[in-house]
Amino acid sequence: DVKVTQSSRYLVKRTGEKVFLECVQDMDHENMFWYRQDPGLGLRLIYFSYDVKMKEKGDIPEGYSVSREKKERFSLILESASTNQTSMYLCASSPLGLAGGRGTDTQYFGPGTRLTVL
Amino acid sequence: SQQGEEDPQALSIQEGENATMNCSYKTSINNLQWYRQNSGRGLVHLILIRSNEREKHSGRLRVTLDTSKKSSSLLITASRAADTASYFCATDRWRGGKLIFGQGTELSVKP
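Line by line, the protein sequences are chains W and P. FYI, in our numbering the residues of the first sequence are 1 to 118. FYI, in our numbering the residues of the second sequence are 1001 to 1111.
Same shape as in the complex, but just chain P (with noise of 0.2 Å):
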């Protein structure tokens, strides 16, 4: 079963503003991750945030985690149209590498 449900399934906002997904998940975590995935392509790795981090900064993403309640938030400052694209959270299950990823948010940035 998929452990990480993205929300809003759907986003879209006009270039400059900001976009913000959330992630929630069921089980312990040892950290989640989040990724992009332009249409009809492979995932991109965006940044990883562990269970012991609060928030972390990449650029224009800032990712924070609340293990108390087991959710995490995606936020693009100054969004671009190239921004377009879905977004994945994924965690980890238990060790070796095996990730859940959630169904995505779906973000659509007009110029």
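In isolation and in its complexed conformation, chain W is listed as follows (with noise of 0.2 Å):
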């Protein structure tokens, strides 16, 4: 089976402080995704990465950062958090798409992070 293990299930951080999530998988995927989610929002995609070093911002980036040096794993900053990046943060992967690029493959999650910024 897929194991997508994050470092904390729960985390208390200070206003101004750095944070990092980390996210390991197990399983050789080449893609990796990090997304928040909050009450009435859904699910956010904060950054992807395809690969090792690379990675392209999703919808929401701004205050976040991520760093993929190997490619089981791929972590998430928070340069300097703030009150409103409260939520849970939730790690994925998947294996590269389709042949042809049609479609996109299942994403196998974590457990998640509930992060609180007081």
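Check the hints yourself; a few may be wrong.
Unchecked claim - Computed list of lysine-lysine pairs in DSBU-like fashion (alpha-carbon distance at most 30 Å, straight line):
no.	chain 1	residue 1	chain 2	residue 2
1	W	Lys55	P	Lys1026
2	W	Lys57	P	Lys1026
3	W	Lys3	P	Lys1069
Calculated from the structure, these hints are not laboratory results.
Take each chain as given, in its own frame, and dock them per the hints.
Structure follows, in structure tokens:
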């Protein structure tokens, strides 16, 4: 079974702190994603990566950065945490798209990190 | 912007009843997926239906896709209390693995 792990289930940080959220997958997937989930807003894509050292902005990248130095690890960084970044953060991975680029394969999610910024 | 929109937002039924959730989307897709999320946890993939398929089954799940109406439905038959969760549809935007998730239907199955 695919396993996606996230470094913390719950995290409490103070405004202005630098926050690192780590995600590791064990299935050699090319694609990795970071989402945040808020009530009434659903899942919103922050950043994603198709390959090592490669990253692309999602829908809400402001205030975040990412790092992918190894294929299995994708880190989300909050450079200076703010209270509006209090949220559930979900990491996901998926294999390369179907042959010919038609369609999107299943995404496998980690358990989530509930971050509270005080 | 969110492409998939689920309807209803919340659904409460008794154990043994069937639950139907709907998803509408705006642009052409290659496939549509349904995911489940238990409270406070990550999402779990349930089923994927491709644009050239009309219906797909997996255990007690039945998914239909109508590309002319840009809509899909998820039917859970003989529901159980353990089916209580939020259910999301997700559509792909373009090649490369990106999905757009709807805001979900919160299903409550009462024993």
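What are the numbers of the hints the structure violates, in ascending order?
Result: hint 3 breaks, nothing else.
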